[in-house]
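Taken in order, these protein sequences are the chains called L and D.
Counting with the working numbering, you get residues 3 to 364 for the letters of the first sequence.
Counting with the working numbering, you get residues 3 to 364 for the letters of the second sequence.
No lab work stands behind these hints, which were simulated from the structure alone.
You may find that some hints are simply not true.
Identical copies carry no separate label here, and so any pair may be met within one copy or between two of them.
In silico lysine-lysine, BS3-like type, Cα no more than 30 Å apart, as pairs [to be verified]:
(1) Lys171 x Lys241
(2) Lys209 x Lys241
(3) Lys231 x Lys200
There are 2 protein chains.
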Amino acid sequence: MNIASLTAVTEIVSAIVSPSGEWLARSHAHLDVLTKPPGSLGLLEDIAAQMVSIRQEEFTEPLHKAVYVFAADHGITAERVSAYPSEVTHQMVLNFLAQGAAVNVLAKLHQVTMNVVDVGVNADFGGATGLLDRKVRRGTRNMLREAAMSDEEMAQALRVGLELAAEAKTRGYCLLALGEMGIGNTTAASAITAALTKNAVELVTGKGTGLDADALAHKRQVLEAVIMKHFGNPETTSKPDPLDVLRRVGGLEIAAMTGLVLGAARNRIAVVVDGFISTAAAAIAFAIEPRVSGYLFAGHQSAEPGHGVLLEYVGLKPILSLNMRLGEGTGAVLAMSIIESAMALYNEMATFASAGVSEARG
Amino acid sequence: MNIASLTAVTEIVSAIVSPSGEWLARSHAHLDVLTKPPGSLGLLEDIAAQMVSIRQEEFTEPLHKAVYVFAADHGITAERVSAYPSEVTHQMVLNFLAQGAAVNVLAKLHQVTMNVVDVGVNADFGGATGLLDRKVRRGTRNMLREAAMSDEEMAQALRVGLELAAEAKTRGYCLLALGEMGIGNTTAASAITAALTKNAVELVTGKGTGLDADALAHKRQVLEAVIMKHFGNPETTSKPDPLDVLRRVGGLEIAAMTGLVLGAARNRIAVVVDGFISTAAAAIAFAIEPRVSGYLFAGHQSAEPGHGVLLEYVGLKPILSLNMRLGEGTGAVLAMSIIESAMALYNEMATFASAGVSEARG
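Here chain L stands alone, though its shape is the one from the complex:
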């Protein structure tokens, strides 16, 4: 791999530290004096404590939240692995810009700033208003025949995410959601999952946006061939290099999300992962630098079978389980409202002492 093109990435990665253990303990001590039985707010307590340990300070201002929807096309769609034609990636980006998609509705309702990033759509938007034009290439190459990206293309896509994370820091965002749109990208996510976790293709491949049984069997065959071509027999190969996995079977939007995760961890910003595809990006970041997991929340458990495998790999527990399988960042944005609730409880509840409420009998 061409190391020079990855200098920006390696510099960021080397500067990542874990969230503060001291602030984690301090926040749990605060939670225990609030007027409720200790631990009775369950996962909400863990969420609040993690947010405080990430920020390394008490903070009471409202959470400034942003979602980044990265769009790109996939060469593998030539193999008919998706229920939708690939031009839907382009059409859905226009739908995002017109505020008509699911993620737009949720972002508006929950006061999350929406960012739509073209990192590799196979269409010309002609400078459309509201679109962040960071196009690296009009779609990846067909990974059944060759690597999805060159070293330089991957590095460029990673830098898109790194730069957006740095910009988010400047703008005062403390909670980011990952979103994506790319027809064919559950196939890339399945390939990443199989390569990283060494699970069988069958276990980590699902119906994506809605394949029937025959089409799912075909998608699995294509994926078997992709894995064999790039990585050989998983039982005989050594631990994979995550950037090599990303370059060979990833996507431009996936690389950008990996960059955003790394950049956010570097800047001590929390990131809410969405479904299968964004978790594949987070898993690559985690394989590069395990400390990133302290900055991550899993927004939800999606219906795709590979998602649970990846959540376990990264060590994340999903906030929501609503059987969603849409992507776009919808599950992550929805989970932001739970994180916001957790922080409000942390900051606004009375203590046993202030409210004159008796504590539990010893």
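Please arrange chain D on chain L, whose structure you already have, making use of the hints.
Okay, now just chain D, sitting in the frame of chain L:
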């Protein structure tokens, strides 16, 4: 049982009809033309369709939401079944009125009108501002020795709920959350669950607000004795009368919540059930009239073991699973934000036709 005192209840019950099957089908047809793969919003689609089938109309105005926190004391606390002294019920009501409790914080954040109802607290509030004084009695009787309520006391508590539901209709609320506060009330909920579902006490009894192993064993012994006293051996007794169960081993706040569920169903208002205790109230309502289940949402899956048993009994699927075990309506209010999200998606997303997005290949 003195039937005359229950006339108001039986009249309401006989007027309950199921939500509209026609509107349910119509709302699913609408969901299928929105710009997303069919079904990909998972449970959110079911939630939106249920709301429309309850209202029997399309509606785009914001959801007017209210939470009712019913507070009452329990005679069974004389048997030391709780980790907290019973005066905490009184203290927590004061905390609700001072906006310091968890449910206050969540209700404020999610724009839910908060109502605190004293239906049986063992203390005098002297006309405290903001408190709805509907006190029936200063706590129930000790159900280890006698029935928790008389016929008339139970009927009065049920009417509290019925009347609040009618008032909610007048005020234009379309979504209500159940909440409760009552030291000792997980014991009542466990007794109701054991009696209604004929499960063993051991399976439906948990640590409540935080009992240790010895105290939990004691709570189970007390409950075994309560069940034996009032219902005899569950294997040999016939199907229990739900109002008889409520009167013998329920609570005043539980009876009021049962009334609220029945009244809401009568008035075609959706109700979000919270944790174990409020679900016990909903289970009594369901046993009286199974049609109420169409009006119910389960806000969350609580950590109490009996809760899952009751959700299955009523046929409800929890929206959230955050390992919460606080009560007060906290899980229900949190779930309201998910229901609100589902309705926003239903009303605001573009259609395939309006956005010019291609549908899936046939």
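Next item on the list: Tell me, in ascending order, the numbers of any earlier hints that this structure violates.
Entry: Violated: hint 1 alone.
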